[in-house]
Amino acid sequence: MILSDTAIRRPVFTTMVIAAILVFGAVSFLDLGVDLFPRVEFPFITIVSVLPGADPETIESTVTDPIEEAVSTIAGIKRLRSTSADSVSQVVIEFELEKDVDVAYQEVTARLGTVRSQLPADLEDPVVEKLDLDAAPILSILVSGDQPIRELTRIADKTVKERLQRIRNVGQVVLVGGRERQIWVWLDRSRLEGYGLSVQDIEQALRTGHVEVPGGRVETGPTEYLVRTKAEFDSAEAMASLIVAYRNGSPVRIRDVGRVEDGLEEERSLARLDDRRAIALQVRRQSGTNTVEVAHAVKAEFARLQQELAPRGIRLEIAQDLSVYIEESVREVQFHLIFGGGLAILIVFFFLRNIRSTVISGLVIPTAVIGTFVLMLALGFTQNMMTLLALTLAIGLLIDDSIVVQENTMRHVEEGMPARQAASFATNEIALAVFATTLSVVAVFVPVAFMKGMVGRFFFQFGLTVTFAVMISMFVSFTLDPMLSSRFLRKPRYGPLYNLSERFFGAIDAVYERLLGWALRHRAATVGLALASFAGAVAVAGLLGSEFHAKEDQSEFNIRVKAPLGSALPVTDALFAQIRERLRGQPWLDYTFLTIGADSLKRVNEGTLYVRMKGKNARVETQEDAIRWTRRALEGIRGAKISVEIVPRVSSSAFKSMDIQLDLRGNDLARLDAIATEILGKMRATGSYADLDTSYERGNPEANVYVKRDRAADLGVSPMAVAATVKALVGGHDVATFRAEGDRYDVSVRLEAGDRSRPEEILALSVRSNRGTLVELRNVAEVREEAGPVQIDRYNRARQITVMANLESTGTRRMLLGDAVKELTRFAEEADFPPGHTYAFIGMAEIMEESFANLRFALLLAVAVIYMVLASQFESFIHPLTIMLSVPLAIVGALGALVALRMSLNIFTFIGIIMLMGLVTKNGILLIDYTNTLRRRDGLARDAAILKAGPIRLRPILMTTFAMIFGMLPTALGTGAGAESRGPMAVAVIGGLTTSTILTLVVVPVVYTLLDDLAGFVRMHLRRAPSDSDASSGPEPGPVSTA
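1801 is the number that the working numbering gives the last residue of the sequence shown; the numbers go up by one with no jumps.
Read the hints as simulated data drawn from the structure, not as lab findings.
If you're wondering where the values come from, they're calculated on a predicted model, not measured in any experiment.
Misleading hints may appear alongside valid ones.
Derived DSSO-like pairs: lysine-lysine, alpha-carbon spacing no greater than 27 Å straight-line [to be verified]:
#, residue 1, residue 2
1, K1360, K1320
2, K1309, K1320
3, K1440, K1309
4, K1309, K1210
5, K836, K1210
6, K1057, K1372
7, K1320, K1440
8, K916, K988
9, K1360, K888
10, K888, K1210
11, K1399, K1320
12, K1440, K1580
13, K888, K857
14, K1485, K1360
15, K1360, K916
16, K836, K888
17, K919, K1360
18, K1399, K1440
Modelling step: build the complete structure from the supplied sequences, incorporating the hints.
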């Protein structure tokens, strides 16, 4: 082989090449970012539009529908979803994955521009955003102290927030629980009526009497002056003296019809750490940047702010830190990588019992791993769960090629061949088999890397990382390994311990040879045993549950509360106080962090309590135990919808965090609501679902003002004048700004609370007609108290209701996502859907089904490519099937191990099974390739070649298998951060390798002989002549010819 022979002849050159790989790899490692998942960009675009005061049905007809109509014809749209809620419209556009998200963004923005004139005039400009799966805050920082809330808010906003926003790669800092300064003009209805004034008169006076307007420039000689008219009030007291009208020659000032308060904005959000009130700052990173790097920079600035603000009595604390879990997960995988590599090297030493050979073989692991960092950096990869898991599971693979080369070299050295000659001869002898085994592994992971769908994007880095590492390990095995062997290997002098161990291995070889001989004599029984094993695995597979991914113990969970519609913030806060009281004293509890009104809509009847648990090693209860206990403990709290959920790692308005979501679609909301109620009842009866809810809720209290058009026209009152009056006096209206301490604050006009406490009081308001007279609203309008939907969801422009729940395993039943999908499908099929109405799963269930379909395709593609690789190597169409028999034999162990340990089939275990396709064929390749070599080179009969090749290849096969198993053992047994996802993947691989190796050593040779006989039979009939020699003897072996 040119590569290995060159390496042997030029040791310095070879050493420098390997050194370059190590140096550049080490430098690349230092530049690699650290993150939880690979950076993935999906073509989702969200459009959020705000129309203050509009009900959901108005939002749907005037905002959502025109926007959907405008964007629906853009090429490449896969799904179009929308939500019309109180004051807000959200349209989520999902494009095909092949669509460039930047192009999609530009097209959506352009279409919005064409429809803007058709939208309501007072609609705030729609906000178009690309979906960011990393939109969850990476840090939540709390600011607290004894200062008044206004002062705390100013410090949090103007000092802490501004300092944090200046940090590189910090995208957004959202303030929750603060209350900024605001100037309120509170109007008294009776006084306004007494002076014959309307709210429009007050607003007009403020707009014309409280101004600061640029006036241009004046040049005087060499000097240029900026001219500015300044007529702004500098205090609330001064503003109260503003003249708004004259009555009987006397001025009427604002203080005559109301009062001006230098106060705080309306309280629409709240934050607490345990029971203590605080202001929260939620830090989000820029899309595509590194989480850990940004978090470290933020925490460094946080420490400086702590020192600066502590003397003023300001307390800064970190309530949530996503980077902690990421770093714990990465450290855990890095430990498994190193520990697994060490165990694999010990396995090599156990079999070779030669320190020099072990060191030479062991060098391939660090070289391949470090060398992979170069390619990872070049392609923009990071150290994340996918790339590090790939390296960890590939540890046994990395040393595999080196083991085969080294074992073959050692065998020839022990037989008396000089080291230099043995290194070249042994490498050349085994090169084709090693190359084929490596290609079989690559054939598995390349399809994984290029899978379609969402899961394909996440496993892209996984598949390519394994491919890089395996290719580098093969290169090192063909260069560094033979070069070092040629110079440092010697025929060893063995002591009594070695001789004792050799007798042990010799006994294993003898037992195997006898077993193999028996199997060749009883081929039907052997094949029957294999078929029975596979049939058993198929039967056992029915016991295996499925889910998208295993739930990880992250030492945290969320409690979400939705108080009754119309509940004020203190009501929601009181509900959370009850929850905290019930949690208090639990041994697993560390602290709680509450936010109310933290979303963009500032909904004060909804909030989230983040529950931080003690670390895994500091508690007995699992996260699932704590969630289950919490659900039971909160069952007695009435008057609110409460759900207990894991903290989602994917945060976006396009995704909900509930375990199972079923969409009911059609235009008849009443019928869909009835079907949803029916399905919820059946789900509740099973006891396997928690936090049951639907997206549809009728009962949002509304006081709707209906204008009597004819009467209003007679009196000269326009509907817009009515709407403007109601909005200003009831909801409040910003009419100006107020400058203080270098900042500007809103000036708002609103009716005194006592004059707007009941819906019917709206009719007592007065509006100015176009004739200049005041008209009471009761003369031109009526108020109806009604109940409207809280929100209206649509899918591809048709209305929908979503049934949602979290899964909960009971003592007698373990409910997984796959089981829930089957059960809810049955419930939906039993429902009476009207024509044109249907159902579909969304969320994790939809992603799971799509991912499993793509994984099945990747599995079939991997099998096809492996077959092509093997057929090319063996120059036979039939005998690759012999080797590929290892695949179903591996599935026996993989499924059996998962069922025995009560694990599920999920995307990680599925990837583990796909991995097995490449791993288990390696053993068959080594065995069959050497059998063919003995038949071709030495002229041995078929059975004789098998009986000789089996014991000779037994040791490298066992060595590589145990190296892979022990390399993955730390991952399988791990209990650290993220172990719940990684462990089942390693278990599946270990189980498959175990059964496949045991059965392959016996079954594959037997099937080899059967297919060899079949090939001979086919050739005989194709030639239309009797065979002149027995297929089991002769110098020209059947397996090396085509069938």
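Legend entry - Hints not upheld, ascending by number: The structure breaks none of the hints.
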